[in-house]
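Student: Here's the letter readout for the chains.
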Amino acid sequence: MSRAFSMSVLLVVAAMSAVQPAGAETFGQIMDEFAESARSTPGFQGFSAANGEQFFKATHGNDWSCASCHTENPASSGKHAKTSKLIKPMAPLVNPERFTDPAKVEKWFKRNCNDVLERACTAQEKGDVLTYLLTINK
Amino acid sequence: MSIDFGSALRMFAAVVLLGGVMSVAQADDDEHEGGRRSVATNAAWQAECGECHVAFPPRLLPAASWREMMAGLDKHFGTDASLEAPVAQEIGAFLEQHASRRKIDPAAKPLLRISETRWFVREHDEVPQRVWKNPLVKSPSNCAACHTEAESGDYRERNIRMPK
Chain A
1 MSRAFSMSVL LVVAAMSAVQ PAGAETFGQI MDEFAESARS TPGFQGFSAA NGEQFFKATH
61 GNDWSCASCH TENPASSGKH AKTSKLIKPM APLVNPERFT DPAKVEKWFK RNCNDVLERA
121 CTAQEKGDVL TYLLTINK
Chain B
1 MSIDFGSALR MFAAVVLLGG VMSVAQADDD EHEGGRRSVA TNAAWQAECG ECHVAFPPRL
61 LPAASWREMM AGLDKHFGTD ASLEAPVAQE IGAFLEQHAS RRKIDPAAKP LLRISETRWF
121 VREHDEVPQR VWKNPLVKSP SNCAACHTEA ESGDYRERNI RMPK
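Sequence order for the protein chains is A and B.
Numbering of the first sequence is given in my numbering, commencing with residue 1 and proceeding in unit increments.
Numbering of the second sequence is given in my numbering, commencing with residue 1 and proceeding in unit increments.
Keep in mind that the hints are not guaranteed to be accurate.
What the hints assert, rightly or not - Here are the in silico distance ranges between beta carbons for each label pair:
#, chain 1, residue 1, chain 2, residue 2, range
1, B, Glu84, A, Ser77, 42 to 52 Å
2, A, Lys57, B, Ala107, 45 to 55 Å
3, B, Lys133, A, Ser77, 18 to 28 Å
Unchecked claim - If we take Cβ atoms under 7 Å as the criterion, some of the chain A residues that face chain B in the derived model are:
#, residue
4, Arg39
5, Thr41
6, His80
7, Lys85
8, Asn114
9, Glu118
Claimed, not checked - Below, computed lysine-lysine pairings styled on DSBU-like, alpha-carbon distance capped at 30 Å:
#, chain 1, residue 1, chain 2, residue 2
10, A, Lys104, B, Lys133
11, A, Lys79, B, Lys138
12, B, Lys133, B, Lys164
13, A, Lys82, B, Lys138
14, A, Lys88, B, Lys109
15, A, Lys57, B, Lys138
16, A, Lys104, A, Lys88
17, A, Lys82, A, Lys107
18, A, Lys82, A, Lys110
19, A, Lys110, B, Lys75
20, A, Lys85, A, Lys57
21, B, Lys138, A, Lys110
22, A, Lys88, A, Lys57
23, A, Lys107, B, Lys138
24, A, Lys79, B, Lys103
25, A, Lys82, A, Lys138
26, A, Lys57, B, Lys164
27, A, Lys104, B, Lys75
28, A, Lys104, A, Lys85
29, B, Lys103, A, Lys138
30, B, Lys138, A, Lys85
31, B, Lys109, A, Lys57
32, B, Lys103, A, Lys104
33, B, Lys103, A, Lys88
34, A, Lys110, B, Lys133
35, A, Lys85, B, Lys75
36, B, Lys75, A, Lys138
37, A, Lys88, B, Lys75
38, A, Lys79, A, Lys138
39, B, Lys138, B, Lys164
40, A, Lys88, B, Lys133
No wet-lab data here; the hints were simulated from the structure.
No residue lacks a Cβ here, since even glycine has one placed at the ideal position from N, Cα and C.
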């Protein structure tokens, strides 16, 4: 199962690189880093889009889920749950600007995980979410 | 390459600070709240403080308020808006330099909301209650709901459209 998923990630990254070479490259680097640090946890099985989707749509003790601002459908625009400001789609196949800057990705995982879970997200959770977002194309 | 992380970080901070000084130098000091003349701006402030809402103009709060806000970004009105230290320092300096110069009571706790300042309440006292309660407005902080050019720092009367 983990094989199949990393295969599909590779395929989508390959598909992206045809359109947006630089974007796909940084996306690959970001995923590699998450995989690198997740591998040090015993029992690591690779990343799962299904777990990522569940994590993204569920609340984790607080009022907000990731979907509260990014919507249940990451291919469409979301809006900030408190300020109503528009947030562009999270799916990189729809919005190629996504996940092209590792510092931006880290900054927002730190903030948003803190708001939603009151802790940092694990490398497993971050990798699962990105794997899920990468499967969304409409 | 034998460049260590610490010095890379310092170089980065120096470049960021330099950029900040340059953009501040270009900015026009503007005491008029409506911002009829060119408005003070800074690239890091515009980008980082404009992500979740419009980047609120520095001239609408005193320096003490900005200082307190920048010291507590991890708990910013119920959300985590934390920044790396070098960029937070640059933005803090910009905000304080262009802050409101109205006299404030130095003993009072600094207000963190523009929408709670006496100036704001007075300026907006003709806005009807039903407009504040309109779901398109939701919160007085939502400047862009009425100030159609708030994104670019323009709050002039002719660009105000209140939702019905």
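Student: If a hint holds in the structure, say so; if it doesn't, say that too.
Tutor: Cross-check of the supplied hints:
1. Glu84/B / Ser77/A: 42 to 52 Å: violated (27 Å)
2. Lys57/A / Ala107/B: 45 to 55 Å: holds (49 Å)
3. Lys133/B / Ser77/A: 18 to 28 Å: holds (25 Å)
4. Arg39: violated (23 Å)
5. Thr41: Violated, because the Cβ-Cβ distance from threonine 41/A to chain B comes to roughly 25 Å (cut-off 7 Å).
6. His80: This hint holds: histidine 80/A lies near chain B, its Cβ roughly 5 Å from the closest one there, short of 7 Å.
7. Lys85: holds (6 Å)
8. Asn114: For asparagine 114/A, the interface hint holds, since the closest Cβ of chain B sits about 4 Å away, which is under 7 Å.
9. Glu118: Constraint on glutamate 118/A not satisfied, violated at 10 Å.
10. Lys104/A / Lys133/B: Judged against 30 Å, a Cα distance of about 35 Å means the pair is violated.
11. Lys79/A / Lys138/B: holds (13 Å)
12. Lys133/B / Lys164/B: holds (11 Å)
13. Lys82/A / Lys138/B: holds (9 Å)
14. Lys88/A / Lys109/B: Distance of about 37 Å is beyond 30 Å: violated.
15. Lys57/A / Lys138/B: holds (25 Å)
16. Lys104/A / Lys88/A: Given that 30 Å is the threshold and the Cα spacing comes to 14 Å, the pair holds.
17. Lys82/A / Lys107/A: Holds, at about 19 Å.
18. Lys82/A / Lys110/A: holds (18 Å)
19. Lys110/A / Lys75/B: holds (13 Å)
20. Lys85/A / Lys57/A: Roughly 20 Å between the alpha carbons, so the hint for lysine 85/A and lysine 57/A holds.
21. Lys138/B / Lys110/A: Between lysine 138/B and lysine 110/A the Cα gap is close to 27 Å, so the pair holds against 30 Å.
22. Lys88/A / Lys57/A: holds (17 Å)
23. Lys107/A / Lys138/B: holds (27 Å)
24. Lys79/A / Lys103/B: violated (37 Å)
25. Lys82/A / Lys138/A: The given pair, whose Cα atoms are some 26 Å apart, holds under the 30 Å limit.
26. Lys57/A / Lys164/B: Violated: lysine 57/A and lysine 164/B sit about 34 Å apart, past 30 Å.
27. Lys104/A / Lys75/B: holds (19 Å)
28. Lys104/A / Lys85/A: holds (18 Å)
29. Lys103/B / Lys138/A: Answer violated: lysine 103/B to lysine 138/A is near 54 Å, above 30 Å.
30. Lys138/B / Lys85/A: Since the Cα atoms of lysine 138/B and lysine 85/A sit roughly 12 Å apart, the hinted pair holds (cutoff 30 Å).
31. Lys109/B / Lys57/A: Given that 30 Å is the threshold and the Cα spacing comes to 40 Å, the pair is violated.
32. Lys103/B / Lys104/A: Violated. Lysine 103/B to lysine 104/A sits at ~38 Å, over the 30 Å cutoff.
33. Lys103/B / Lys88/A: Not OK: lysine 103/B and lysine 88/A at ~41 Å, beyond 30 Å, violated.
34. Lys110/A / Lys133/B: The hint is violated at about 33 Å.
35. Lys85/A / Lys75/B: Judged against 30 Å, a Cα distance of about 19 Å means the pair holds.
36. Lys75/B / Lys138/A: This hinted pair is violated, its Cα atoms lying about 35 Å apart.
37. Lys88/A / Lys75/B: Holds, because 24 Å separates the two Cα atoms, which is no more than 30 Å.
38. Lys79/A / Lys138/A: Within the cut-off at roughly 18 Å; holds.
39. Lys138/B / Lys164/B: Cα-Cα ~13 Å, so holds.
40. Lys88/A / Lys133/B: Holds. Lysine 88/A to lysine 133/B sits at ~27 Å (cutoff 30 Å).
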